[in-house]
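Peer 1: As a plain string of letters, each chain reads:
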Amino acid sequence: MIRLRINYAKVDALRYIGHLDLQKVWIRVLLRSKIPIAYTQGFHPSPKLATGWPLPLGWEGQNELIDVWLDLPEEQFIDRNPTWLINTLKNNSPTGLHVKDGEIVPLYSPSLTILIQSARYLIRKPESVSMELLDERRKLFESSSEVLVTRRDKTFDIKSMVKNWRYLFLEDLGSFIEVDMPARDSAMGRPDELISALGFDPLEWKIIRERFLFDGNTEEPADSVVK
Amino acid sequence: MISRELSESDEREYERRMAPIEKLLLKVQRPGRYVGGEFNSIIKKPDSSTTRVALAFPDIYDLGVPNLGLAIFYDLLNRDPSIWAERTFSPWEDMEAEMRAANISLFTLESKTPVSQMDILAITIPYESLYTNVLNLIDLAGLPIYAAERSSDHPLIIAGGHATFNPEPMSPFIDAFVIGEGEEIFPKMIRVYQEWKKSRQSRQELLVALSKLKGVYLPSFYEVFYKSDGTIDRIQPKDPSYPAKVQKVIVPILPPPPKTYIVPSIDVIQNRVALEIMRGCTRGCRFCQAGYVTRPVRERSVDEIMQAIQSALDSTGYEEIALLSLSSSDYSQIQELVNRLSEEYRQRKLNVSLPSLRIESVSVDILEKLQGSRFSGFTLAPEAATEKIKATINKPISEDQLMETVETIYSHGWHSIKLYFMIGLPGETMEDVEAICDLCLKVIKVGRRLIGKRSQLNVGIATFVPKPHTAFQWCKVDNEQDIREKQSLLRKRLFIPGVKVNWNNADVTMFEAWSSRGDRRMAAVIHRAWQLGAKFDAWQDHFDWQKWMQAFEENGLTPDFYITRKRGKDEIFPWDHIDIGVRKSTLRAEFERSESGILREDCRRKCYGCGINHAFTAIQPKDGEKKWYCPVIEVNTDPGKADL
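Top to bottom, those sequences are chains Y and Z.
So in my numbering the end of the first sequence lands on 230, straight run, no missing numbers.
So in my numbering the end of the second sequence lands on 781, straight run, no missing numbers.
Accuracy of the hints is not assured; some may be wrong.
Unchecked claim - Derived DEER-like restraints, expressed as beta-carbon distance ranges:
{"#": "1", "chain 1": "Y", "residue 1": "153", "chain 2": "Z", "residue 2": "144", "range": "46 to 52 Å"}
{"#": "2", "chain 1": "Y", "residue 1": "14", "chain 2": "Z", "residue 2": "754", "range": "56 to 62 Å"}
{"#": "3", "chain 1": "Y", "residue 1": "138", "chain 2": "Z", "residue 2": "679", "range": "47 to 53 Å"}
{"#": "4", "chain 1": "Z", "residue 1": "669", "chain 2": "Y", "residue 2": "151", "range": "46 to 52 Å"}
{"#": "5", "chain 1": "Y", "residue 1": "152", "chain 2": "Z", "residue 2": "320", "range": "40 to 46 Å"}
{"#": "6", "chain 1": "Z", "residue 1": "628", "chain 2": "Y", "residue 2": "151", "range": "53 to 59 Å"}
{"#": "7", "chain 1": "Y", "residue 1": "79", "chain 2": "Z", "residue 2": "320", "range": "53 to 59 Å"}
Unchecked claim - Residues from chain Z shown here face chain Y by an in silico Cβ test under 7 Å; the list is partial:
{"#": "8", "residue": "163"}
{"#": "9", "residue": "168"}
{"#": "10", "residue": "169"}
{"#": "11", "residue": "172"}
{"#": "12", "residue": "173"}
{"#": "13", "residue": "174"}
{"#": "14", "residue": "175"}
{"#": "15", "residue": "176"}
{"#": "16", "residue": "400"}
{"#": "17", "residue": "402"}
{"#": "18", "residue": "403"}
{"#": "19", "residue": "454"}
Treat the hints as calculated values from the structure; they're not laboratory data.
Yeah, the Cβ is synthetic: ideal placement off N, Cα and C, and Gly gets one too.
For reference, chain Y alone in the conformation it holds in the complex (with noise of 0.2 Å):
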């Protein structure tokens, strides 16, 4: 049996595909890749995956992680080098899943929600919200000791949860916010709740999911300029 890491890109139409859905949809991907699954003991057995954290509907998410296990001989992969599987597998994917790359794991490492310390995002705002007035509101916001926000009973300070706000500006995609916000268990950060802590509709906004942050990796992403 191995491990498989696979790191992939929800856009377009499959951004509208909730977190059990795209369970199946992964499941129906490595079927078609004729790609021997492992499968969960017991009396239901199941194709065994696990995946980073959910991606809320309607955001892009451009590296996600999910693990699958597989029935291959670890002798295979020797050199840990799964290409042929990732090529199998970016060929039955549907629409706005692009299978990027992979790599093969121990088998019995930590689970990617317990290595997973924190994401980063990309947001970008509407053209109705003038540079200016975001501006403004982030001043407020930073000038704030705290700002307090409630998510099913529970309220707590978001500015806390806040970490490197820079501007961006990316050749394709145009300027966005990027920040990274905690991705654990215990705190898990939401940018649409920041975007309407600076008082605007998260609605209109565009997010994305740049990649997670496994503990002590905080380096720059190389792609970008700083505005």
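Using the hints, position chain Z against chain Y.
Peer 2: Frame of chain Y, contents of chain Z only:
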């Protein structure tokens, strides 16, 4: 087939159409219904010569995607490079409200193009409770509801499916109906359309050209005259060159099943490959419309089925296949098919479902072969429990046979059995209903004895509706009070652990009856009910009796005329100009036999000359040709000559 390399301008165009739709998606439940992009969906690069077709299922995505007819035509039409067939479904209420508020009209899932810009809008109407949804769909597309108000600038609206064997209630809204099987006629209609478009003639010319095709019914070419009592005096073509009767079309040999199926990215009601192994049924149950309108029987070969399964599983990743037909265990090669399935897919986790098993022809061996796969459960339809009613409906399944099958099922490790019964049948008394209870109690007792408390029995109680083109088309619906009493008796006596009873509300049955038996005047009622807000009538929580009653009243009609009236021998029915191949005299003789309780054997054993062979002599097989025939078992004659 899937081409994703759109040019940049195509992509920009797509983005432009998608942008306003995207604004709505996060405000509605399950936005995945409206985005397309599923695996195996087809994107083409259309040019001005491409014929654009929208295939519509007039209910939500979740119910429409698994529809086999849609899958067949999507696959078939898109093989032709001059055609791009896309899909569209009814949006659920929340999305409809958002679309209307934002002024977004109905669009196709593939390209997000407004349906009003299509060449052809083809709507499948498998059951009558979709009628108001059809009107809503046309309206959401921004098109005039009445065909007479549409022009050459609008798409041609065509419809087909089982409900259209009585096209009259929907006749003012649809330009052309396909009567019967569409696999050959639909592409021909598109050819006619393409020629017409090149010729730049009037809309009327298009309709005339379509009327020349066999199996195409142009309702506007016919006129109906009524008697003073409201029954029909005559149905007459407006021009003597139109046929007095429109005969259904059939495909003499079933074409290859779809090679592939669209795989939805969200959960829908049936996530599986559906494969038709046989069309038609020889049993002759007198209430069964499908049994009469789908004659003759045609089977697919085991090889063809096995290949189709392989290709469909490979290209979809599904783990379940449904082998569809009206009576799967009557498929003459069923044993071999099941053997080969269990051999070939022993290693793979494959669910096989055989939705319509005939009690007397399910063998222990079939059951055992299915046991290896994760077979989902058994549905059997005895329909009746007394000899009298069995003879009335011509479904003589003996109690011994049923109990034997039940015993086999429970003893082979399955926990759950589903039995279908029908109440309200002609001549039925309370004793007949009591007998259904007795029978169910016997069945669950067997389960208890064999596997104890794990045994489950689900009982589905349908109420009889005298459908067009059946031997029972002269009958009336049971009265509402009696239906309620029968249902409450069943509920009371079967209120025991392990037994679950399902039934239809009596008002839904009435609705089904007036919709399926309606004449042209019913169209105004449907239109009015829709205006009053009736839609999704097939959803029990949406069906609104009051709206329909108001619509009847405002149009000076009564439901009773269509429901509870017993029809005279010579009454002309609204669907009498639609010829299903089986003669009306055959149906009448069957009706009279039912009244005397005379059974008719499976017509594979003996041909009774129902008319179907005669109707299709022109496409009869020559000696040695492998075309359709009414299969003959045991009697060793040339199958092609069974009717002689």
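Peer 1: The structure should be examined with respect to each hint, and the outcome stated for every one.
Peer 2: Quick rundown of the hints versus the structure:
At about 48 Å, the beta-carbon gap between residue 153 of chain Y and residue 144 of chain Z stays in the expected band of 46 to 52 Å. Taken as a hint, the range 56 to 62 Å holds for the pair residue 14 of chain Y and residue 754 of chain Z, whose Cβ atoms sit roughly 58 Å apart. Restraint check, residue 138 of chain Y to residue 679 of chain Z: a C-beta distance of roughly 50 Å satisfies the suggested window 47 to 53 Å. Separation of residue 669 of chain Z from residue 151 of chain Y is about 49 Å and conforms to the stated range, judged on CB atoms against 46 to 52 Å.
For the pair residue 152 of chain Y and residue 320 of chain Z, the beta carbons lie near 58 Å from each other, so the given range of 40 to 46 Å is not met. The given range of 53 to 59 Å is respected by residue 628 of chain Z and residue 151 of chain Y, whose C-beta atoms sit roughly 54 Å from each other. For the pair residue 79 of chain Y and residue 320 of chain Z, the beta carbons lie near 46 Å from each other, so the given range of 53 to 59 Å is not met. With its C-beta approaching chain Y no nearer than about 5 Å, residue 163 of chain Z sits inside the 7 Å limit, and its interface hint holds.
The closest approach between the C-beta of residue 168 of chain Z and any C-beta of chain Y is roughly 4 Å, which is under the 7 Å cut-off, so the hint is satisfied. Taken as an interface hint, residue 169 of chain Z checks out: its beta carbon lies about 5 Å from the nearest beta carbon of chain Y, inside 7 Å. At about 4 Å, the closest approach between the beta carbon of residue 172 of chain Z and any beta carbon in chain Y falls short of 7 Å, and the interface hint on this residue holds. The restraint placing residue 173 of chain Z at the interface with chain Y holds, with a minimum CB-CB distance near 6 Å, inside the 7 Å limit.
For residue 174 of chain Z, the interface hint holds, since its Cβ comes within 7 Å of a Cβ in chain Y; the closest pair sits about 3 Å apart. Nearest Cβ of chain Y to the Cβ of residue 175 of chain Z: about 6 Å, under the 7 Å cut. The hint holds. The closest approach between the C-beta of residue 176 of chain Z and any C-beta of chain Y is roughly 4 Å, which is under the 7 Å cut-off, so the hint is satisfied. Taking 7 Å as the C-beta cut-off, the interface hint given for residue 400 of chain Z holds, the closest approach to chain Y being about 6 Å.
Restraint check, residue 402 of chain Z versus chain Y: the minimum CB separation of about 5 Å is within 7 Å; hint holds. The beta carbon of residue 403 of chain Z comes within 5 Å of a beta carbon in chain Y, closer than 7 Å, and the hint placing it at the interface holds. Evaluation of the residue 454 of chain Z hint against chain Y yields a held restraint, the C-beta minimum of about 3 Å falling below 7 Å.
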